[in-house]
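Enquirer: The residues making up each chain are set out below.
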Amino acid sequence: MADLSTDKVLQVELVAADRLVWSGQATMVIARTTEGDVGILPNHAPLLSSIIEGVVDVQTVEGETWVAAVDAGFLSVADNRVSILSERAEMSHEIDLEKARQDLERAKESGENDDAAEEAVRRAEARIRAAERAS
Amino acid sequence: MALSVREYRARIKSTESMKKITRAMELIAASRIIKAQQRAQAAAPYARELTRAVSAVATFSNVDHALTLEPENPKKAAILIVTSDRGLAGAYSSSVLKEAERLIEKLKGEGKEVDLYVSGRKGEAYFKFRQRAVVQAWTGFSDQPTYDVAAEIGATLIAAFLADVEDSESDVRAVDEVHVVYTRFRSMLSQEPTAVRLLPLEVVEGTEAPAKADVLPLYEFEPSPSEVLDSLLPRYVQSRIFFALLQAAASELAARQKAMKSATDNADELIKKYKRIANQARQAGITQEISEIVGGVNALADAQAGSE
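Taken in order, these protein sequences are the chains called A and B. Residue numbers 1 to 135, in our numbering, belong to the letters of the first sequence in order. Residue numbers 1001 to 1308, in our numbering, belong to the letters of the second sequence in order.
No lab work stands behind these hints, which were simulated from the structure alone. Hints are not guaranteed to be accurate.
Heads up, incomplete: computed chain A residues facing chain B, CB under 7 Å, no partners named [to be verified]:
1) Val15
2) Ala17
3) Arg19
4) Ile30
5) Thr33
6) Thr34
7) Glu35
8) Ala45
9) Pro46
10) Ser49
11) Ser50
12) Ile52
13) Phe74
14) Ser76
15) Ser83
16) Leu97
No residue lacks a Cβ here, since even glycine has one placed at the ideal position from N, Cα and C.
Chain B with its partners taken away, still in its complex shape (with noise of 0.2 Å):
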């Protein structure tokens, strides 16, 4: 009780308005959340008509694309790590940069050497305060990511799987395979932080297909197979990278709504707890001040029968 009631008070007017603030957060967040869910229901038809006609060229032709051969003795990887660009979402970053840690740690022990490319301005800072070497960033659009960003991606991270490894005098910097660390986003409630590989390329041949009703259908192509999964393969890449990064964007605002709401609750519980306090002071207050008074009436009172 070593503080006055007047601290107290304002103690409680700070937290309120820190509240307002957490709150105003937290609806932001679960507005944006909702477009960022109906995004990513808009990009879903691409990605399946995409992956339809990957797999039927697939299944049709002989696949033997750059983007899909397995390089004989992997030696460098890349990772793409898709983090937020903002703060106060909880364990949102730290997650994923815990992920995409246990993947680094995992690729030096298969003896890979890693390039890191990341999205989000969380993790540029997060490598940079470690003094770790970035080979590209991507920053300012987490929470809304286009697809002309998702292009560009793309395009770097083949451009570094296409080149060649023993060519060091070009300036790409070479790997032999991708991965890309993001959140999944299962529910409003549990997001997870996952690691796929995205190249070389696992093209699903039509395995199971003859199993379904809708076998895929004898195919011509234009202009011929080869060129037609050419220009297919980098459009499945990038569509996937958009898919990343879209369900990073809808997991990061969830984790932003579920760590302001529980901001808002603690200062809730706070501000009750403080007035509970700042009441009892008041009132010890006031006793003392009574007692005060009447001790001084009685020692008044005491004085005057001892003159008389």
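Looking at chain A on its own, in the form it has when it is part of the complex (with noise of 0.2 Å):
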């Protein structure tokens, strides 16, 4: 397996399609999967997953804890490495708390039924969820 001095620690990477937002090293990840929240310790076993438009947790090895929002998009666990993708993704002191309040508004009421309109008021909750957090 892997080295002693890297077993209890994640290298974790949360890419978004256009930059890389975060990467370092984490003693626990937590993410919303399409099945429900996991959280990543060291050691996990590989997993590939979907995961849907919420709130990742950061635990960083110093103890400090980020927290970003994420839309739709993958998951990937494997020697100790995490893999956060998604197609946009913003750490929460990134978020406009005013702005997603807004947005989540907006969505709220021009959202019909669709699923267009539900994807865009979970995007909305998940950043400010975000940006609650960490405040």
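Work from the hints to combine the two standalone chains into their complex.
Expert: This is the structure in structure tokens:
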């Protein structure tokens, strides 16, 4: 297996389509998959899973907690490397809470019951949650 | 030496102001190209991880997905041509269009009908002028494409690919394969128009993987391999399109910088040449004046000598 020094940490990459949002070492990652929330600890079995719009929690080795809002995408875990891929991803401190609230209002107002509207609502909610959790 | 000094001066002046414009465009392109390259690099991790994930699924499960299925006898093909929105980029747009024409000829030679999808105003204008139908065109982003645009183009092409060719009722023009023609950015000096087949996807199964150190681990799939694949493959296609758009943007800027640099150099040459001719004309004028004065003086002297 991997050598002992890297055994207890996860190498995490949070990647959006057009940039690398965050990368670093972490002790735990929580993400929301289509089946529900998953927590990834070091030495997790290889996993490839679809994630939905939601909040990703990363506990870094320094004991800090990073929160990010992501769109639908993927989570892949292998050899203590976690990559979270999403078309759009934002760290909590990048989110404009006011704007996210407005987006949610708008999404709810315009939203009938189609998939696109629901997705917009979920996305806005995730961003607000992420921003509120961080503050 | 038909023109007067004044006219040459006017030409020099207009060439100089033209030079200022081309020089400014060269500098703008040069500064944007760095940003375009950074964007291309920033998008690389996503593409890399996605490719890894796709090949992981492909290696450990039976890939029988609609997007990877080879139609038995393809009759219709779609081509996405990535051109620029603006001109003044040398042969950039025309070389990518030439490559596209070659591909169209080839596909028609194989007995396939060709549907055209264009990105960039130059390409749109090219087909409009020739009165050839374009199914859909996207414009207004060629030098800084966003992922959203790539996602939209991807969704359109995937919808066309997944639609049933036999079903003539639907308003989506169904196709059996999708090609992309774009300009690959090799370096600042060389950009190469490239045609690749996008759909059906050729998933490279881990044929060479065992030789390498990083053998893909045995993944667990959640919810299931086929569902993961379902959401993975469209994104893979979109990421490939995004990659093509980014490459094309960098190529466009590089081509524009090169074209504007040679335009500036040419303007310098012209100014030099005009200055020489203008000076010559000025000299000729002076010489003529002197000889006229001398001639006049002589004539006067002769006349006086004659009268005495």
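Enquirer: Please write out, lowest number first, the hints stated earlier that are contradicted by the structure.
Expert: 4, 12 and 16
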